[in-house]
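Please arrange chain B on chain A, whose structure you already have, making use of the hints.
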Amino acid sequence: MINGILHPSKVIAQLIQHGVTHYVGLPDSETSNMYNALMAEESITVVPVAREGEAIPIAVGLHVAGKRPVVSIQNAGLYEAGDALRGLAIGIGLPLVMFIGYRGHNRKGDTPDSAAVFLEPYLHMWRVEYFVVEGDEDLDRIPLAFDRATKTNMPVAVAIGTEYAPEDIE
Amino acid sequence: MISYADACRIINEHRGESAAVTTMTQSSYWNKVSEHPDLDMGISNGMSKASSVALGIALGDPERKVLCLDGDGSLLMNFGSLATVAGMAPKNFHHFVFNNGIYAITGGQPLPETGVHYADAAKACGYKATFKFDDLESFENSMAEIMAIDGPTLIELVVTPEPATEGVDQTWESNAKMPRQLRAMRKHLTGKDDWGPGGPFI
Chain A
1 MINGILHPSK VIAQLIQHGV THYVGLPDSE TSNMYNALMA EESITVVPVA REGEAIPIAV
61 GLHVAGKRPV VSIQNAGLYE AGDALRGLAI GIGLPLVMFI GYRGHNRKGD TPDSAAVFLE
121 PYLHMWRVEY FVVEGDEDLD RIPLAFDRAT KTNMPVAVAI GTEYAPEDIE
Chain B
1 MISYADACRI INEHRGESAA VTTMTQSSYW NKVSEHPDLD MGISNGMSKA SSVALGIALG
61 DPERKVLCLD GDGSLLMNFG SLATVAGMAP KNFHHFVFNN GIYAITGGQP LPETGVHYAD
121 AAKACGYKAT FKFDDLESFE NSMAEIMAID GPTLIELVVT PEPATEGVDQ TWESNAKMPR
181 QLRAMRKHLT GKDDWGPGGP FI
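Protein sequence lines, in the order shown, are assigned to chains A and B.
Residues 1 to 170 in my numbering are what the first sequence spells out, letter by letter.
Residues 1 to 202 in my numbering are what the second sequence spells out, letter by letter.
If you are wondering where the hints come from, they were derived from the structure by calculation, not from laboratory data.
If a hint is listed, it holds; no wrong ones were tucked in.
Only pairs whose alpha carbons sit at most 25 Å apart, straight line, appear in this in silico PhoX-like list of lysine-lysine:
no., chain 1, residue 1, chain 2, residue 2
1, A, LYS67, B, LYS91
2, B, LYS192, A, LYS67
3, B, LYS123, B, LYS91
4, B, LYS187, B, LYS91
5, B, LYS192, B, LYS177
6, B, LYS177, A, LYS151
7, B, LYS91, B, LYS128
8, B, LYS187, A, LYS151
9, B, LYS177, B, LYS32
10, B, LYS32, B, LYS187
11, A, LYS67, B, LYS177
12, A, LYS67, A, LYS151
13, A, LYS10, A, LYS151
14, B, LYS187, B, LYS177
15, B, LYS132, B, LYS91
16, B, LYS187, A, LYS67
17, A, LYS151, B, LYS192
18, A, LYS10, A, LYS67
In this text the structure is predicted, and so the values were computed from the model without any measurement.
With the rest of the complex left out, here is chain A (with noise of 0.2 Å):
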């Protein structure tokens, strides 16, 4: 699934430009450069789960203790996550920055990947906003959905719309 070329360097300096402590989540296989990528970045911790579901309520206890989590699963994995979203992110007004890989996008709009046809749906029927992000030329989309987070203490999403790049492909 590659739409765009979006590197992990550029994020991961995105998220240290807004205060980024940890970074909680499951890797898949869009975003396993961007995982490769952040195990090297000694600012940000990465928090590994078990489960998807993990990730909201792990992101809770992190900004109860002053830390700013984001969350980093695949659309397939934020379905799982279902209860969580509800009572532990909108339920209490959680500022959270949730990046959710957009597994199965593409820019021609016809997919037979079903986790890719009901992610933007899914995140309508729970009123969450979000921001689709499918290479570097989109990276200005970032900081308005932590500014997004904050003024409204909602969850906000950015759809990872393409596998994260090598760092050498320009």
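Using the frame of chain A, we list chain B on its own:
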């Protein structure tokens, strides 16, 4: 077996300035003995996730002990969290699992399997130390030692079942309690009153 009341009393006697994350029946007994409500968090609208919230607090405030008063049914729903906790290995995390073999809140239906060995499971996942108690005296005599060692620890307590006789009615006010508690705890832990209203309840 140990009663909920005795278990919570003993844990509270040793809590010091620990943060406490509770759920289900444990919350109601804990609230009767706790003297630090600003350090208490009752998870009432996030089924099974007390251990994950507690892990987040433990990672975010590593100098403070964090106690999770979990239930067996709750832990079964979030069983993978044992591996997640073990992987992060927070030294300040103490996980109490109240084993009553039933879903008490819904009236006492049995768990899918009542013979699960939670302490053994945690040990197999990589918890630093695990304990299991089914009598009050042994638990009471061991609690000082448990609180002195590095976590993550899991302490399985075989408790007398207390199935609820009435259903739980959710109200706007009851649902506002958890978001208010979370904000109060953040204020206590960080000294900053910076988490404003948000969501449907506050």
